[in-house]
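Trainee: Chains as they are written, first to last, in this note's numbering: chain R, 100 to 482; chain S, 100 to 482; chain G, 100 to 482; chain A, 100 to 482.
For the record, the hints were derived by calculation from the structure and aren't laboratory data.
Please note that the accuracy of each hint is not assured.
Where chain G lies over chain A, by a calculated footprint (3+ residues, C-beta under 8 Å) [unchecked claim]:
# : stretch
1 : 135-143
2 : 306-318
3 : 347-357
4 : 367-379
With a cut-off of at most 20 Å between alpha-carbon atoms, the simulated EDC-like pairs for lysine to aspartate or glutamate come out as follows [as the list claims (entries may be wrong)]:
#  : chain 1 : residue 1 : chain 2 : residue 2
5  : R       : Lys-314   : S       : Asp-350
6  : A       : Lys-136   : R       : Glu-156
7  : G       : Lys-151   : S       : Asp-129
8  : S       : Lys-378   : A       : Glu-412
9  : G       : Lys-446   : S       : Asp-129
10 : S       : Lys-378   : R       : Asp-265
11 : S       : Lys-136   : G       : Asp-148
12 : G       : Lys-151   : S       : Glu-156
13 : S       : Lys-137   : G       : Glu-133
14 : R       : Lys-378   : S       : Asp-265
15 : R       : Lys-314   : S       : Glu-156
16 : G       : Lys-101   : S       : Glu-250
17 : G       : Lys-479   : A       : Glu-412
18 : R       : Lys-137   : A       : Glu-133
Stretches of chain S that chain R covers, calculated by requiring three or more beta carbons in the stretch to come under 8 Å of a beta carbon on chain R [said to hold, decoys possible]:
#  : stretch
19 : 348-356
20 : 375-381
Every residue, glycine too, gets a C-beta built ideally from N, C-alpha and C.
4 protein chains.
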Amino acid sequence: MKKINVALVGHKFMGRTHTHAITDAPIFFDLGVEINKKIICANEDSVFDVAKRWGWEKAVLDWREIIEDKEIDSVSIAAPSKVHAEIAIAAAKAGKHVFCEKPLALDMEDAEAMVKAVEEAGVVNMVGFNFRRVPALCLAKQLIEEGVLGELYHFRAIWSQDWLTDPKFPIAWRLKKALAGYGTHGDLGAHLIDIARFLVGDIDEVCCVQKTFNKMRPVAVFEDGLYAEAGEDMAEVDVDDASQMLATFKDKNMMAYFESTRNGTGHKNQNRIEVAGSKGAIIWDEEKLNELEYYNDGDPAHVRGFRRVMVGEAIHPYMANWFPVGHIIGYGDTFVNEYYDYFTAIKNGEGVTPNFRDGLMVQKVLDAAEQSAIERKWKKVQY
Amino acid sequence: MKKINVALVGHKFMGRTHTHAITDAPIFFDLGVEINKKIICANEDSVFDVAKRWGWEKAVLDWREIIEDKEIDSVSIAAPSKVHAEIAIAAAKAGKHVFCEKPLALDMEDAEAMVKAVEEAGVVNMVGFNFRRVPALCLAKQLIEEGVLGELYHFRAIWSQDWLTDPKFPIAWRLKKALAGYGTHGDLGAHLIDIARFLVGDIDEVCCVQKTFNKMRPVAVFEDGLYAEAGEDMAEVDVDDASQMLATFKDKNMMAYFESTRNGTGHKNQNRIEVAGSKGAIIWDEEKLNELEYYNDGDPAHVRGFRRVMVGEAIHPYMANWFPVGHIIGYGDTFVNEYYDYFTAIKNGEGVTPNFRDGLMVQKVLDAAEQSAIERKWKKVQY
Amino acid sequence: MKKINVALVGHKFMGRTHTHAITDAPIFFDLGVEINKKIICANEDSVFDVAKRWGWEKAVLDWREIIEDKEIDSVSIAAPSKVHAEIAIAAAKAGKHVFCEKPLALDMEDAEAMVKAVEEAGVVNMVGFNFRRVPALCLAKQLIEEGVLGELYHFRAIWSQDWLTDPKFPIAWRLKKALAGYGTHGDLGAHLIDIARFLVGDIDEVCCVQKTFNKMRPVAVFEDGLYAEAGEDMAEVDVDDASQMLATFKDKNMMAYFESTRNGTGHKNQNRIEVAGSKGAIIWDEEKLNELEYYNDGDPAHVRGFRRVMVGEAIHPYMANWFPVGHIIGYGDTFVNEYYDYFTAIKNGEGVTPNFRDGLMVQKVLDAAEQSAIERKWKKVQY
Amino acid sequence: MKKINVALVGHKFMGRTHTHAITDAPIFFDLGVEINKKIICANEDSVFDVAKRWGWEKAVLDWREIIEDKEIDSVSIAAPSKVHAEIAIAAAKAGKHVFCEKPLALDMEDAEAMVKAVEEAGVVNMVGFNFRRVPALCLAKQLIEEGVLGELYHFRAIWSQDWLTDPKFPIAWRLKKALAGYGTHGDLGAHLIDIARFLVGDIDEVCCVQKTFNKMRPVAVFEDGLYAEAGEDMAEVDVDDASQMLATFKDKNMMAYFESTRNGTGHKNQNRIEVAGSKGAIIWDEEKLNELEYYNDGDPAHVRGFRRVMVGEAIHPYMANWFPVGHIIGYGDTFVNEYYDYFTAIKNGEGVTPNFRDGLMVQKVLDAAEQSAIERKWKKVQY
């Protein structure tokens, strides 16, 4: 059997999520190819212990060792955003397939260089917009493509988290532009834009506003390495807490609205997508990952209503390989679906989406949005 | 016992709703004043039959007879919007109290004249923004005023109906500016703006877009006075099907979003209001009229979540006078609550809100929004 | 136009609810008959004031005056259960139509005498199982009768209220058999049994258990006529707090479950009905009075799910006469629907259901259930 | 680091679920012990291929090889129920720890022998009631144990699946007593009984009814190994499709109800648990695995309601090791939690629950229930 030798950069939260997915893809799917977890890389010594626990054959401290290793076929990048470009470009140049977490890069220049690198190298490339592998959203896409919703009218995407609701919540790396690159809009909003592209198409114009509700936050005091309390020193938040965006789609007679917030009090992770058309509508919410609400305007008039579809039947995308309907899959399992498609693409020598170019397209929208927020006016996305 | 002699203009849908409320206010509330349903007026002969069935002592075809009748203390206006101003001003000048359905008037000039008339006459005046009498929204206001939600971050109001989803749905008077004055934004959006003023405060700036998804609609063919089918002739829709509006509030560090649509496929009347603050949040939806979702960020961390409060306990606003908790009240009953407050104001010689000035304030926002939609830029509301 | 002269016995909670319905039936429905609110009766002087406020022409202290009044066509009985039989029988013998609140009577003997009286007199007779006039349940019945649910498998009815959850909640008349006749099972359970008869058919066998969780409750201390606190004296509760019942239907291959409780902590009035069959299923809950959840097993396999139908379209039972869809009706409005049917039956000289015989059938089931609970074994209902 | 050498019997659906959990336990938890996936066993040649894909070092066709292998520390049994006893007893006698899927055994005799074997051998033993590792149910247990719900009144557990709704659904091994051992009650009901024991305590008396709605089902016709259609031959179903059970708990003044059905049309996997007490209540549903509804009767009276708690905060049981709140875990991940506790017990030389004795206790209740259903009367569980 053909085999794929895999390396991974990153051993924190996203490193673990990728390890889980790489490990479980062959357990839940019959890939027709052997997956070998060869090398994990991180610039901390703890990676050696982690490698053992997570089942990686070897750990290294410098990602260049991966690039130089001829045996490695594929590199997964789950390290901080600022190193994405350098590693991805090096990997592509070395002829390795690349799976890079989102956001693709911290700026447009890097993103374009990354696209150029993978396209010139002809390697399989994927960017980690995992919501494209949520079976319920795949079903939504299928319904839209079949024309079941008719002419589309409304797209609405509102993502509410609430971890910044308390003004005393301390400053964190995600709240500093220099470290995180983006704020809420770049973090949550990037996913929403990709979902919009997945379900509907390219965005044409945007009108965005952004807000930092609490501009100064306390610096945390730690004791024995653990958070103890909000200290008296204050630090500035220089990214947005929340972002609203009106938008239009290319060649579509539609209205669109996007909102992302970390001050959406009470909502832990309400990532709600709604699409309405002349013949039907769908609603999805990440907190109800396995459900799709679907309305069919063609139902008999006395029994029309949104149907709560449990997406878990064997006929639903990916679900023949999972548990019986109603035995839900989790967030981590959407990454298993991602790797199933990624490994399959490598095996078959084909492309896969969302690829680096998709990642670049999303960043173009983010850029137009930020410019729109600064100028307080509508802006056209520059494709 | 003191008594209030009441007259009503209008005998269609809203005339019936007002008749119900005027009739039931003394059944459900101990008003301390006698309500006499003296005169109903409409410019169709059917009003004579209707008067009998609805328990009005007399019916007339010309509203001027009401104005001239010295016995009449209060005039309710549930007739088409275009006659609101004339009747209300005449009633006020005759020293009668006035309860006028929304929208207050078709243009700003009329609205301002109406406010002037009632304020100069010193009569009790009310405008029919009935959502202020939904007990669940009253509870929301109470929580906000008590500071239970803390510093407010987000206000979101999305009203989705779907009766225009089908492109074959025929042209109707509500779709012609000359007859309806406003489209969706003026109809549904006006309520949303009033709810925002009720819960939060005055709106400062707006950025609005409006859309007519289906600009041409078939002219209905009738048979025996009943709708038979969509005909071949087409007529132009010259009001908006849907409207989106970003907004800011005066003296508040908040983000606001308003959306109204008649193309919200699948939603019959989802009028959803959400307010999030530093200490809590509330969610309300008209389809679940008697429920308020409330989140308290001060709950113990392991049991925090939105609570679904059935607003029907005796301690809830208005509810001591209704059924036991969980035996819900309906849309029509919110008008009973309105008349309870209106009649009480007359009895006590006090003011009541929302009054004509509140109606005017809402129209100022609608005007700024329409101008914003035309110019595609942010506009300040002119107070 | 023909007219119906109406009298009402009772001026408390149910008296008010009936007054509302008698008053509003001609406002919301074109009855084709004139309704005159002639006499209201109660054995307290406050009835005179109430009569004025509620629009009754006259008040009396003795119900016999109603019976003797030749002008009166119809008597509504909303007085305590123990006087139902006497008044209803006298009214029937005097040739008056009778609308009696549930429960029909306190014992089987009375119930049978009442049925005999109205059937011999040939008067229109109705018992107040108002859930038969909930449009959503009417739609459910329509679907079942059309065979849309196929062969029925499951009937489940669980009614949870929580006003007895607190052991300190004081003793009340509803908790004394001598005053209330029945406990939870007779109060809530009677409605559930009628709903089961309405939707499915007659019950054959039952296996019931009943429980009084808190057998001793404090006697309330009042100050100035208002509840002040739970006193130190304790009194015995001699009716059930909660009741569970397994059941079978006549000539049906089905399983049924009934539960009623006043200790259903957190549920204010969750009256949940579920029917599942070979081709579909429905779910209804009183707290969501205007909604019916409907599942169609014939939907395409990838989009099957319970549909949340807002029952408010003109094609839905009764709803053409109410507000636009999504502008919900309330608990009180179901009584308006009842009176529409009751008055129509009188006008047309026809019968109406649920009639006294239906009330008797329900009591036969309640009796078998109580016997089953005492003997702790299955019992056949004696028809 | 200490290590645990693991073997697994079974390579179908449950074999895969266990493989996933054994593999992922060290990825999501820092076990402090090395897990080696040594041997997988199944009596089909396909096991050799599966072993490779799933990361097992070796595959064998005869489970006795595992027993004889001195290196093996722990045996997981995910094979058909009828071989549970033989393998588990042999493993225990060989001094190996045993994790056995539910149901423990096909009859009481086997179950008792299994308990005896593991207790005599002193090995760690666990039975696969995975719902004890659902974080939301662990939170429910924590609340109950802390007394937050007060004195308990009601326990209700209703599990509805709908894969047998269609009378044409073909006969299957799960519908034959000889192959499945139990029907719906033994399959789904066993879990419900364990959840009741976990949350409340031991069951005292039961009154059960069981039904097979469709006694004859078509024999499937296969083409090329795949289901083609329902054939003309019919076969008898000799287990229950659905089961209802009234119950009491030992030393508790409570009412309990259990229902399991495969004819619960529209419900894919609604496994709904409700517990109500004098001070609070909880509701859980497997389809919303990560949510717990919690009602606190001590909340201020105007804002009391069921809270929808997203169980995903670091302070929630197991969740510090998973994704951020609102990024839900799936059904398979509850097995990871199980193995975390099982491996930890082995590491620490301690016991773990639910153990084989817990499995036996559940079977005693199932047995009493079946006897109750046959005799149609209340039965005491024989402990």
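Trainee: Hint by hint, work out which the structure violates, then give me just those numbers in ascending order.
Mentor: Violated: hints 1, 9, 15, 16 and 17.
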